[in-house]
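Visitor: Chains as they are written, first to last, in this note's numbering: chain W, 483 to 1046; chain R, 483 to 1046.
Treat the hints with care, since some could be wrong.
Stated by the list, open to error - In silico DSS-like pairs for lysine-lysine, Cα to Cα no more than 30 Å straight-line:
{"no.": "1", "chain 1": "R", "residue 1": "Lys611", "chain 2": "W", "residue 2": "Lys589"}
{"no.": "2", "chain 1": "W", "residue 1": "Lys996", "chain 2": "R", "residue 2": "Lys611"}
{"no.": "3", "chain 1": "R", "residue 1": "Lys981", "chain 2": "R", "residue 2": "Lys857"}
{"no.": "4", "chain 1": "W", "residue 1": "Lys975", "chain 2": "R", "residue 2": "Lys636"}
{"no.": "5", "chain 1": "R", "residue 1": "Lys975", "chain 2": "W", "residue 2": "Lys525"}
{"no.": "6", "chain 1": "W", "residue 1": "Lys1026", "chain 2": "R", "residue 2": "Lys687"}
{"no.": "7", "chain 1": "R", "residue 1": "Lys1025", "chain 2": "W", "residue 2": "Lys525"}
{"no.": "8", "chain 1": "R", "residue 1": "Lys1026", "chain 2": "R", "residue 2": "Lys781"}
{"no.": "9", "chain 1": "R", "residue 1": "Lys1025", "chain 2": "W", "residue 2": "Lys1025"}
{"no.": "10", "chain 1": "W", "residue 1": "Lys781", "chain 2": "R", "residue 2": "Lys880"}
{"no.": "11", "chain 1": "W", "residue 1": "Lys981", "chain 2": "R", "residue 2": "Lys781"}
{"no.": "12", "chain 1": "W", "residue 1": "Lys944", "chain 2": "R", "residue 2": "Lys821"}
{"no.": "13", "chain 1": "R", "residue 1": "Lys770", "chain 2": "R", "residue 2": "Lys880"}
{"no.": "14", "chain 1": "W", "residue 1": "Lys1026", "chain 2": "R", "residue 2": "Lys589"}
{"no.": "15", "chain 1": "R", "residue 1": "Lys975", "chain 2": "W", "residue 2": "Lys944"}
What the hints assert, rightly or not - Across the chosen pairs, the derived CB separations fall in these ranges:
{"no.": "16", "chain 1": "R", "residue 1": "Asp608", "chain 2": "W", "residue 2": "Arg624", "range": "26 to 36 Å"}
{"no.": "17", "chain 1": "W", "residue 1": "Asn600", "chain 2": "R", "residue 2": "Thr672", "range": "47 to 57 Å"}
{"no.": "18", "chain 1": "R", "residue 1": "Asp608", "chain 2": "W", "residue 2": "Thr664", "range": "52 to 62 Å"}
{"no.": "19", "chain 1": "R", "residue 1": "Glu967", "chain 2": "W", "residue 2": "Lys975", "range": "23 to 33 Å"}
Stated by the list, open to error - To list a few chain W residues with every Cβ distance to chain R over 10 Å, as calculated:
{"no.": "20", "residue": "Ser561"}
{"no.": "21", "residue": "Asp970"}
{"no.": "22", "residue": "Glu987"}
{"no.": "23", "residue": "Phe1010"}
{"no.": "24", "residue": "Ser1012"}
Hints are computed from structural coordinates only; laboratory data are not their basis.
This one's a predicted model, so the numbers in the text were calculated from it and none came from an experiment.
Even glycine gets a Cβ: it sits at the ideal position worked out from N, Cα and C.
Number of protein chains: 2
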Amino acid sequence: TSPIDVAEYLFTRLRQIGVKSIHGLPGDYNLVALDYIPKLGLKWVGNVNELNAGYAADGYARIKGMSAIVTTFGVGELSCVNAIAGAYSEHVPIVHIVGMPSTSSQKDGMLLHHTLGNGNFNVFADMNKEINCAIAKLNDPREAAALIDDTLQKCWIQSRPVYITLPTDMIQKKIEGERLKTPIDLAFPTNDLARENYVVDVVLKYLHAAKNPIILVDACAIRHRVLEEVHDLIEKTNLPVFVTPMGKGAVNETHPSYGGVYAGSGSQADVQKRVESSDLILTIGAIKSDFNTAGFSYKTSQLNTIDFHSTHTTVRYSEYPGVSMRGVLRKVINQVDLKQLSVAAGPQVENEVAENEDKSNIITQKWIWPAVGQKLLKENDIVITETGTANFGIWETKFPAGVTAISQVLWGSIGYSVGALQGACLAARDAGMDRRTILFVGDGSFQLTVQEISTMIRLGLKPIIFVICNDGFTIERFIHGMDAEYNDIQEWKYKDVVKTFGAKEGTYRTYTIKTKEEVNTLFANPEFNSADVLQFVEIYIPKKDAPRGLVLTAEAAERRNAGA
Amino acid sequence: TSPIDVAEYLFTRLRQIGVKSIHGLPGDYNLVALDYIPKLGLKWVGNVNELNAGYAADGYARIKGMSAIVTTFGVGELSCVNAIAGAYSEHVPIVHIVGMPSTSSQKDGMLLHHTLGNGNFNVFADMNKEINCAIAKLNDPREAAALIDDTLQKCWIQSRPVYITLPTDMIQKKIEGERLKTPIDLAFPTNDLARENYVVDVVLKYLHAAKNPIILVDACAIRHRVLEEVHDLIEKTNLPVFVTPMGKGAVNETHPSYGGVYAGSGSQADVQKRVESSDLILTIGAIKSDFNTAGFSYKTSQLNTIDFHSTHTTVRYSEYPGVSMRGVLRKVINQVDLKQLSVAAGPQVENEVAENEDKSNIITQKWIWPAVGQKLLKENDIVITETGTANFGIWETKFPAGVTAISQVLWGSIGYSVGALQGACLAARDAGMDRRTILFVGDGSFQLTVQEISTMIRLGLKPIIFVICNDGFTIERFIHGMDAEYNDIQEWKYKDVVKTFGAKEGTYRTYTIKTKEEVNTLFANPEFNSADVLQFVEIYIPKKDAPRGLVLTAEAAERRNAGA
Ligand SMILES: Cc1ncc(C[n+]2csc(CCOP(=O)(O)OP(=O)(O)O)c2C)c(N)n1
Ligand SMILES: Cc1ncc(C[n+]2csc(CCOP(=O)(O)OP(=O)(O)O)c2C)c(N)n1
Ligand SMILES: [Mg+2]
Ligand SMILES: [Mg+2]
């Protein structure tokens, strides 16, 4: 036997799964647990607040596969509940560890700090039930190891957050460590064979019969880790492939089969035509939410659709619960008969930067996003966009190969992207990958979580941050209140935050960009492109300018809000 | 009949109750509702994030009696859940209005932005159940008015937050407006007469018999609005009166009966002696939490105690549920027989600034807090202290008359004080009171919610902000990890945040204070004291220096966390 402390067990498991840095903030109920982090060769991030830490953990998990955040009871955990709900909504696996008062204090119902004053120590865990795929209370050393393993497994397999409470008197309780020699089983459960084969046959029947089938890749293909299957399907079939806004980055956009972004009437005209005239759409990991579909504007029929999901498959109107896409896709790849497959080409996408169509030097939404694809992005960059004009503008950006996109199109909590940037940038470094991490965030959103820039400085990260300066909440203006005061914000000296948060001379560069010419110069600047220090760019775009996709989506949102 | 929109009804009720400014952030589910705010002569604050908005609403309510915050579904409301839980814990009445998707979208289970993607629109309201004293869903115009009235009444009477959902399609629904002519009944319910009289008799019996009774005033005396009764009791009886840390500001500390702060072994020696040797302690609104009692270090006996609460009275071990302090105290004041009352004087408190005891010019915790009372504070100032050294240091500050103290000793969420400062400062202005609002916040805590300085700038508020620069989480160091990395923070150029957040030259002043001499000069500076612009002071105190009360409380916390 090799006795080991509960906290050591937990953090060792996290390390085994690939978590190298732990996000969060200290609090007296977790301090002793934090002592284990450096001892086990892990890195403590030490974020500036818990919401930001949650967002950062989300960004970290999207790059590194999984992440962990440690908070303190009540005040800390509730501060990040929005980030956890977001991770649940968007299928991101975060292990949230909450430092709790000791089991004896709980039993005695002590009137402790960070309680509601009513002796109820379960309220916060209860609040977490619907936004985590598992809740584990480490109250008993005898079951701690099994509970930890089971919970981390659920986190990975369901790709959703889990919530673990660690009371102060449990941290150092001894448990059996031998178990650590066997890694947690992270294999995805396989489908029932007969059912899977049945579904594969049905899928192949429709696929072989279709005249102009296409593939539409969406968020859950990324989050539920079937990109290999997606790539193999594209390579094998050469079917035209499209992505939804949430599916951006899932496929190689330089591949000849790539046809562009489909978002209903928010798509480019040729994309919309090609997708909506297809007689068979294979959607992979679809999340057909309002902002992912330009306001539910798909004009496709379920009769022409096969939906592959992590928990079920739907062929036209037939549902196959429990039949997960992984196994089905692999067999479809293996069994598809190319001779029976009819491949009708899709449109070709280019980053056509309408070279100064409007004959003005002012930076417009219409101009900047293709320019980002054409002149800024490089292979394997990580691109993060915030809810606002950026999330819709990026539809118009064709990515080089290997680019990963991060955004929160479904949950849409503003400020997310700044935290996520810290996490994603750190994850890339932890993975030993030399990837540039580039953020586009609105001025309004940036203000919510600005302090996480401080963490990036302290960790020596080297992101490129674009703050879109357009005098406030442009996305909201297009939904309601174009000139309303509530859509205005305080004007900050945005780039001064870097120095104010303690960045040392020479460890950062800042830029203010107000014209197309300046954009072109910046994007061509080798020093800038080398991304050797933290870089901060203020980019000015007019207040009432919005990307095409946003204008449509905003109109639909306003109509729906009115109850229409 | 005078038909009126649901939103107009709601905001009119808030205005009638004395809420002049509405905190919060816009989101597409609340935008149409926000249009009513200026129309009704209310002010929209427009905070920088929702957690800060919640803290600000808390600060506003503590000064103005009640407050309101508007957020958007999911992302907005969950961002401030920690502030709401704090208000519940600390008995602060906040009306939280959440803009929801339309009732028809809810019914159809639409896959909308800001949802978990599972069609469940009740999750977030359910999460709020245990941290609000009422939940009201305005789904039906026919019951909206009555539901609003009932909910606001509960908020006021129970002095705790309430949660109201306002779906987008309900905002403009017409309801009967005549009802607005009758104000909501905010009278506190009276006690059952027979029970009340019985309790009064019991209290008087013990009070007349006691040899050296004292009064101990705590948080709920403030929060449940019995300060008038407390003052009258002091005036009538001249009994020595003490306050707990959470009771600071409840009584006039220049009154001859005032004896100081009692926090068990964290008290000054003469205070501890006087209180603990008393044969009858009348506690008013007690919250005997760990941080309010220097780690449960009272050496008083329940046999010598009468506890007055908002929901019950406890005399020794006899409990009287439902007998609220207001009525009992009033009768005790009226009926106490001064001839039978034995008044033994308590200690006299002075702000004795040990004039440079340590012969050094370094600012110490021991030196600064009495100095604040002696040289800085003026009558009617509002003083806000953050969890950290400040919350414990303030025990040593004797207040001039009329000072209101704001802190979160029970909930203890760091960053709170910065938001609360915005709210308190605005509330004082809204009330037409010319009160200086002064914050003491640790450098660590300040970072969590720094952006609310931006709101203060935008609103033209004129607080005095002291950031205690001591290289990180000193309070945590004293609990565990004196030199641990997790207790360090990134060093900011704190005072530069004011300019960075857009304050115009001439509308603010900043100071860096590193010696006792500089403190003395600043505190004597008439320009500084006039508080005519926003003022920001960096005050440097050594990293490992903590107030006496904190050292004791931290030791107790570490022992309890270890399960001892
Ligand atoms: C936490 C949170 N609060 C409020 C909202 C509502 N909201 C959505 S977008 C937005 C404005 C974003 O403005 P900005 O970042 O400046 O973007 P842009 O101007 O580029 O549209 C707001 C307030 C939200 N989504 N999340
Ligand atoms: C939201 C939240 N996160 C974490 C904590 C744990 N915590 C309590 S006090 C504290 C440190 C405060 O440090 P600082 O503000 O610098 O105060 P000082 O150095 O004066 O003690 C921390 C991290 C908390 N109380 N609330
Ligand atoms: Mg903007
Ligand atoms: Mg500090």
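Visitor: When the hints from earlier in the document are held up against this structure, which numbers fail?
Guide: 2, 4, 6, 9, 10, 11, 12, 14, 17, 18, 20 and 21
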